[in-house]
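Trainee: Listed below, chain by chain, are the residues.
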Amino acid sequence: MSVVRRKIREFGMPRIIIIAFILLILVGALLEGQDMATLISDSLVRVGQNMLMALAMLPTILVGAGLNMGIAIGIVSGILGGLISVELGLVGWGGLMFGILLAICAGTVGGFIYSLLLNRVRGSEMLIGNYLGSTVVYLMCMFWFAAPFKNPTIIWPMGGKGVRTTIPVSDFFEKVLNRFLMFKIGRVTIPTGLFLFVFLVCFLVYLFTKSRTGMILRTVGNNPSYAAMSGIHINKARIIGITLSTVLAAIGINVYAQSYGFYQTYEGPLTMAFTPMAAILLGGATMKNVKIRHAVIGTFLIQTLLTTALPVCNQLFPESNLSEVFRIIISNGIILYALTQAGGDRR
Amino acid sequence: MKIKRFLMSNAVPILFAFLCIAGIRLSGTPIATILSDVVNRFDRNILLVLSLIIPVTCGLGMNFGIVLGAMCGQMGLVFVTLMNLTGMTAILAAALIGLVTAVICGILAGKLLNRTKGQEMITSMIVGYFSNGIYQFIFLFLIGGVIHISHKIILSGGVGIKNTIDLSHLQYSLDNLKIFGLGGKVDVFTGIIFFAVFFAACMTISALRNRKFDRNYIIRTAICAVFVVASLIMTGQERFMMAKMLIRIPIPSFLLVTFFCWLITWFMKTKLGQDMRAIGHDRDVALASGIKVDQTRIIAVVISTVLAAWGQIMFYQNLGTVDAYYGHEKVGTFCVAAILIGGASVKKANIGHAILGTILFHLLYNVSPLASQKLFNDSMVGGYFRMTICYGVIAVALMLHVWESRNSGLKEKRGEKKSGKPAKAL
Amino acid sequence: MKNTAATPVLSICNVGKAFGENWVLSDVSLDIMPGEIHAICGENGAGKSTLMNILFGMPVIQSTGGYTGKILIDGEEQKITSPEQAIAKGIGMVHQEFMLVPGFTVGENIKLNREPLLSSLASRIFGSRLKKVDFAKISSESQHTLNRLGVEMQESSMIETLPVGYMQFAEIAREIDKENTKVLILDEPTAVLTESEAELVLNIVQHLSDMGIAVVLITHRIQDIKQVADTVTVLRDGKNVRTVAVKDISEGEIAQLMVGRDLDLTAIEKRSGELSGEIALTTKNLVVDMPGEQVNGVDLEIRKGEIFGIGGLAGQGKVGIANGLMGNYPTEGEISVFGKPLKLNSPKDSIAAKLAFVSEDRRRMGFAPNLSIGENIAAPSMVAHNRFFKKFGFFEQVDEKAVRETAEKNIQEFQIKCTGPDQPVGTLSGGNQQKVCVASALELSPDILLVSEPTRGIDVGAKNTVLNTISQINREKGVTVIFTSSELAELRQMCDRIAIVSQGKIVEIMKPDASDEEFGLAMSGERREA
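Chains A, B and C supply the protein sequences, listed in that same order.
Under the working numbering, think of the first position of the first sequence as 2, with each following residue one higher.
Under the working numbering, think of the first position of the second sequence as 85, with each following residue one higher.
Under the working numbering, think of the first position of the third sequence as 47, with each following residue one higher.
Don't read these hints as lab results, they were simulated from the structure.
Worth double-checking, as some hints may not be accurate.
No more than 20 angstroms apart at the CA atoms, straight line, and that leaves these computed lysine to any residue pairs for SDA-like [what the hints assert, rightly or not]:
(1) B:K353 x C:P162
(2) A:K211 x C:E451
(3) C:K394 x A:G232
The structure presented is a predicted model; accordingly, all values stated were derived computationally and were not measured.
Between the sequences and the hints, there should be enough to build the whole structure, so can you do that?
Mentor: Rendered as structure tokens:
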């Protein structure tokens with residue numbers, strides 16, 4: 002009995018609840034006669050396109066800066082990179098890869114400046130990161146207005162200036178990754194290329210955590226005073242971690258856009274931070290301990306939940322966005338739970 | 085030297101005052117038009133901003149969780165609409181519903197914040213988002229979905245309430261309230277005269293009771309007199325006609341706001357207020373001297389939530405239509421930005437900061453689209469500009485707070501005395 | 047000024063306290079008369095703070111099973127179970143850390159949570175917490191107390207603008223303001239004060255005694271005891287070594303009573319043969335700004351292959367020296383290692399010069415709690431020497447196998463009790479954590495090993511392992527050791543030479559076989575005439 006209980010505790014109550022919820026929804030979907038193959042295919046795509054965002058949370062937790070609430074900085078950098086690629090009219094693999102390359106450059110610059118700011122506010126990174134992120138999103142809103150893009154896909158058809166709120170990539174690199182080596186099992190579509198790419202990035206990050214720099218980052222995150230005493234430059238380590246996180250988000254949004262079919266500009270990036278945060282926490286990460294599998298498992302659970310819940314909810318309450326309400330409650334509930342677990346001073 | 089110190093310690097409000105002046109010049113709108121709008125916005129927002137003061141004093145920082153209170157107020161408004169109440173009855177009923185729900189929500193939020201000491205601001209922020217989800221769940225699905233009601237504000241499908249709810253049945257019922265035929269909305273000059281006389285009377289009564297007619301009393305009464313005289317002169321003149329016609333002062337609402345300001349000041353001088361100040365300065369010391377820290381913090385959150393609930397009701401009785409699902413969402417951010425622009429910090433906020441901040445923030449809010457229309461030929465840029473300012477001000481204020489608290493002297497000295505080691509290593 | 051009333055205001059009779067099996071205080075008895083200034087001194091861990099916690103009814107005592115023996119106030123036995131009760135019985139306490147609200151005035155602090163209140167309409171309806179605070183009364187009453195104390199201070203001054211010494215006055219005034227305070231406990235009241243401020247505080251203590259209040263003065267500073275106390279009690283290892291009138295004892299004797307201790311360790315093998323005489327490390331005018339352990343100009347010459355001890359009373363700067371050498375705190379002066387000058391204030395350069403450090407502050411700076419034993423042992427070597435990596439072209443990857451093997455080797459050698467190399471160090475016991483710290487320092491294969499307080503807070507078994515390993519490394523590999531400890535017995539057993547530090551300077555460098563008296567004298571800061 003106690004063994005079972007310990008196993009349950011190791012697995013974590015939040016995960017059990019969410020899995021139970023997913024099963025419940027799946028049963029509901031079956032009973033309603035939903036198309037299960039489509040549901041599973043959709044879930045797989047959603048998992049793949051969102052995973053890098055959750056992975057982006059890992060480096061900041063690793064260096065002890067908590068969840069990266071300013072991930073919007075990485076996202077707008079990524080969008081900027083992708084849009085430049087679209088502007089140049091690059092298509093297919095070349096377009097996407099060039100976009101990602103530019104995204105990495107922009108993300109590095111943005112992340113570096115962001116990390117310099119966060120280094121001065123140690124202990125309050127999450128709160129301040131959140132507001133810095135929002136500030137940057139609105140600064141970029143002004144930039145999108147004046148941005149010197151010329152490609153008619155990007156700018157408004159009337160007036161000839163200003164970026165649209167959604168930019169379709171269908172003529173450029175939509176689903177380049179998803180379609181690569183795509184195959185079907187029965188009627189379930191497997192987006193092989195998407196997963197290959199995402200897992201490649203995960204593997205590279207894994208290699209990074211096991212490198213010398215990765216070790217240094219972990220030591221800093223675990224005990225900064227000890228790290229300083231061992232001759233580690235703490236601020237440098239944190240710059241690396243926060244910048245890496247921003248870059249991962251910048252890559253992530255391009256992977257997302259090629260799968261989703263659109264870039265969302267203006268206020269779009271604002272709400273994107275919370276689901277990945279909830280994902281990595283749900284996967285089992287805490288403010289002190291984080292592993293790549295937490296991002297993978299967490300994204301898998303939360304995205305499956307959200308994808309499967311959508312049609313079921315629509316069936317139950319037509320013309321409503323119950324699934325969006327669920328997303329808000331679940332993501333923020335998980336974050337809130339994690340905050341209380343991390344505890345402050347109890348006194 | 086004195087001037088320099090004044091400029092340094094009030095740098096933020098002064099900077100924003102200049103921004104506002106520049107905006108007014110750029111927009112080219114007559115000042116009377118702008119002011120009439122600002123008076124309205126002030127009426128709507130001031131109580132919400134005032135609700136931030138007590139948590140700051142109690143060391144909880146900016147309570148982004150006033151979103152929770154705003155929701156409670158909104159809930160009250162929706163329920164009185166469902167009950168078909170109108171006028172002042174509706175407002176009082178909504179205030180009562182808001183009070184009850186806000187007390188419950190405030191206690192829950194306070195308990196949560198007690199579990200996350202040192203991270204209160206981010207927790208209160210997430211509490212806001214989370215409860216927004218719960219709120220939407222209630223009004224999108226429970227009403228109609230579980231509790232079957234038929235009313236014109238329910239969506240045609242019978243489940244969930246409409247996006248925007250018309251409040252014309254109670255709009256302005258506080259602003260236009262008349263007691264013995266007095267009150268309601270008056271023109272700006274009558275308003276100034278009324279409040280100048282009112283303040284002078286209050287001060288005189290208090291001075292008579294304490295038998296203390298000191299310099300402060302004389303100066304303040306003199307200022308009131310100047311206002312009265314100036315208004316009397318201006319009210320008859322041709323060129324102020326536009327101002328007189330456009331700017332309408334809702335006397336009952338402003339009296340209510342004055343009452344709340346007085347209440348907060350009075351409250352800070354009670355034992356509970358003194359305890360909150362002590363906790364705000366140093367939680368450990370307060371605890372060691374026997375103050376019930378956790379309980380007091382919960383009370384602070386409850387007061388803030390209740391004030392926010394009432395604030396939201398005041399907001400909508402003036403505006404007249406409720407944005408049922410998103411009306412409360414950005415309340416926390418806007419109010420925090422406003423009080424910060426007024427010169428408050430995470431550690432220190434008072435009524436002056438709230439009033440000045442609300443005026444400046446809404447001046448800027450009002451003029452920036454028009455100014456950008458003139459500058460860039462596009463009003464949207466101004467909209468984004470004010471959002472940038474809003475979030476930027478919060479980010480900068482929070483960063484300043486962290487820097488300052490790192491250099492604060494006493495903590496360090498205490499750290500030394502306690503362990504023989506610095507508070508922070510290297 | 048001694049009041050000679052017959053009954054002691056406070057009597058402690060055979061009081062003892064155990065935390066689990068460990069008796070930190072046993073059979074302590076003392077009597078304190080009204081108006082007496084009674085000093086209690088002893089080294090860290092001698093039981094002073096436990097005794098004070100018992101007297102003040104701190105929760106830590108109650109939650110760990112209470113105490114044995116009796117406490118009498120005015121001749122009547124009292125069981126004190128909470129601070130509130132202690133206050134009600136007339137015991138006041140000025141804690142080691144400041145208990146003042148920085149943004150309040152002195153007056154508001156004096157009356158903190160005891161404010162005079164005025165009832166109002168609201169308080170009658172909503173309860174007493176809405177009573178109005180009577181600020182006028184706060185001012186007048188607290189100013190009266192300050193005047194009574196003989197301090198020239200305005201009650202309206204803000205605490206945060208005051209010098210540290212005046213904060214101390216405010217705390218004392220707060221205790222005196224409580225009407226029935228009969229005994230005032232002052233915990234290290236002069237520790238962070240400058241000489242002149244300390245002087246003022248001591249004057250006030252004298253003044254309190256004249257007012258008939260008994261003062262219990264807990265302190266390391268022997269000069270303070272000599273200056274104001276009537277009686278001194280020396281605690282050592284939880285026992286009352288001696289209670290004696292101050293006029294009958296010298297400073298050297300007090301110090302000697304504090305540190306003299308019997309050996310409870312296995313003997314360390316004696317050094318065979320002579321040292322080469324080569325110089326390993328020199329410092330010139332070393333100044334380290336380590337708060338609470340300030341070093342004010344130290345010149346050292348440490349020979350290769352020796353174990354060099356640094357001793358002294360707490361707060362005098364002995365642990366500052368090693369921290370300065372490692373660059374952990376702002377340092378000035380000159381350091382050279384094997385003839386080469388060392389870059390100051392850079393832990394990285396110190397480690398590169400083959401220095402390794404076992405910190406005195408194990409819990410905060412000793413290890414990374416969530417990393418495994420293996421990772422903790424390997425981490426400093428990874429950072430400093432790029433060890434434990436496999437190369438793949440551009441990449442370098444942690445060689446998990448090598449980390450594991452090293453961890454297993456060390457677990458065996460140090461007999462670290464654990465579930466395996468993967469156990470996080472934070473979950474080990476104190477002694478085993480210390481073993482990991484020592485192992486990780488040794489893994490750097492240093493030329494000079496700096497160990498500070500290696501046996502603080504660990505059990506006897508672990509003590510022996512740690513000390514034996516250090517001496518073994520010294521004897522077999524010729525590693526020079528700088529050994530800082532507040533335990534004289536340990537120093538004498540381990541070291542070839544022992545430097546005694548007082549007030550941030552080296553008083554004397556002594557042989558381990560010098561007498562207790564000589565050590566005591568040196569620790570009290572008096573240089574022996576050559």
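Trainee: Please go over all the hints and tell whether each is borne out by the structure.
Mentor: Hints, verified against the model:
1. Annotation: proposed proximity of B:K353 to C:P162 holds, straight-line Cα distance about 12 angstroms (limit 20 angstroms).
2. Our distance criterion of 20 angstroms between C-alpha atoms is met by A:K211 and C:E451, whose separation comes to about 17 angstroms.
3. Between the alpha carbons of C:K394 and A:G232 the distance comes to roughly 4 angstroms, so the proposed pair stays at or under 20 angstroms and holds.
Violated hints for the displayed structure: none, as all numbered hints are satisfied.
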